[in-house]
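> Sequence:
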Amino acid sequence: MTYINDNLRRRDKKEAPYAIAQEAKNSVDQTLANLKCNRNGLTQDDADERLEQFGVNQVAHEKAPHALVQLIGAFNNPFIFVLMVLAAISFFTDYWLPLRRGEETDLIGVIIILVMVSLSGLLRFWQEYRTNKAAETLKSMVRTTATVLRRSSYSAQPLTLEVAIRELVPGDIIQLSAGDMVPADVRLLASRDLFISQAILTGEAIPIEKYDAMGNVSQKSSEEEVSSEHALLELPNICLMGTNVASGTATAVVVATGGRTYFGSLAKSIVGSRSQTAFDRGVNSVSWLLIRFMLVMVPIVLLINGFTKGDWSEAALFALAVAVGLTPEMLPMIVSSNLAKGAIAMSRRKVVVKRLNAIQNFGAMDVLCTDKTGTLTQDRIILEHHLDVGGAKDNEVLLLAWLNSATKAA
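FYI, the numbering for the sequence shown is 1 to 410, going by my numbering.
Calculated from the structure, these hints are not laboratory results.
In this text the structure is predicted, and so the values were computed from the model without any measurement.
A portion of the hints provided could be inaccurate.
[Unchecked claim] Here are the simulated DSS-like cross-link-like pairs (lysine-lysine), alpha carbons at most 30 Å apart as the crow flies:
#1 Lys-354 - Lys-133
#2 Lys-268 - Lys-350
#3 Lys-36 - Lys-268
[What the hints assert, rightly or not] Each pair of labels, with its calculated beta carbon distance range:
#4 Leu-107 - Cys-369: 49 to 59 Å
#5 Ser-405 - Ile-208: 11 to 21 Å
#6 Ser-275 - Asp-311: 19 to 29 Å
Where a beta carbon is used, it is the ideal one built from N, C-alpha and C, also for glycine.
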């Protein structure tokens, strides 16, 4: 399987390298000098200034559009446009012309079309609006922090604080321990038995060892960057945003945050306008098929009726009525209700569907090939049973397993 980061790595050979890759070649003192900080951490004033300069430590992500934009988007459907044109035609033929002639008017056809269009759009809007709200609520519930060294002034002693990850800035000195997520692209200053799980970036479940740049590691990092295809992920003295500490402890300096991180560049590549789904293409295809069919049939009906009866005004009205009759007014309503039903069924299985049209793509899959480690799964081993060689429960086995785990995490 080819991972997203492989594509990005090839792209970045032609672009400016990541800041973290440059600092991996430098000594610790040089890195601290470049970031204008020291091992005691930033002062709060410095951190505030850098937060204003670099922005929050947050990668690019899709934001739910305003409710009005979502409402308009719910009606942005070529089939609905066809129905609106037909509603206008029905209004002209069944109400406006009879009204001018003093004849009996009939708005039932127009009302039916408008009701179907309104119900279809409103149902789609409500379902997508509700799921987007649910997704935003879930995001707001997740609040992660990082352990940071901060000082009140340059002469004050550093204090260990828990700071929201989004408030980290380049130059912050952070502490990492088992179970922590690496909150930014960082350069190690000191480490002890540090193993990092990079499953979210590589799909590999086995953690790799990372260590601070002492001795000739700086030169080694420089050589690896040039010669190895997977250099950035294999550099021993850096940790990338989004990876997790499997075991050990470390002190590191933040080099890059937000969109300037390696993970942030991945996020940028997938955020933006999306291509049409198979469902969108299908709806467009059916809509244009109906339009072409009407463009062919309406003139034929008009000519035949006009030449046979000689009343061209009546022939025109009859041709327009045929155009209205050829269109299945209930189709948008049926499609939207079925997609909404699918979204509700998915929600019962704890799946949030933000785009109704994605339901059809999901249901049309025969085989789904994806990298699951650290994405669909948690990249964590969970103890279910502790059995001896005979298959019986044995607390001694559990004790030995605990000792082994505790020793690795120490």
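> Compare the structure with each hint and give your call.
Consistency of the hints with the structure:
For the proposed pair Lys-354 and Lys-133, the alpha carbon gap of about 9 Å is at most 30 Å, so the pair holds. Taking the CA atoms of Lys-268 and Lys-350, the gap is near 27 Å; set against the 30 Å cutoff, the hint holds. Distance check on the hinted pair: Lys-36 and Lys-268 sit about 28 Å apart at the alpha-carbon level, within 30 Å; holds. Here the CB-CB span from Leu-107 to Cys-369 is close to 53 Å, well matched to the stated 49 to 59 Å.
In this structure, Ser-405 and Ile-208 meet the distance hint of 11 to 21 Å, their C-beta atoms being roughly 19 Å apart. For the hinted restraint 19 to 29 Å between Ser-275 and Asp-311, the CB-CB distance of approximately 50 Å leaves it violated.
Hint 6 alone, counting from the list given before, is not met by this structure.
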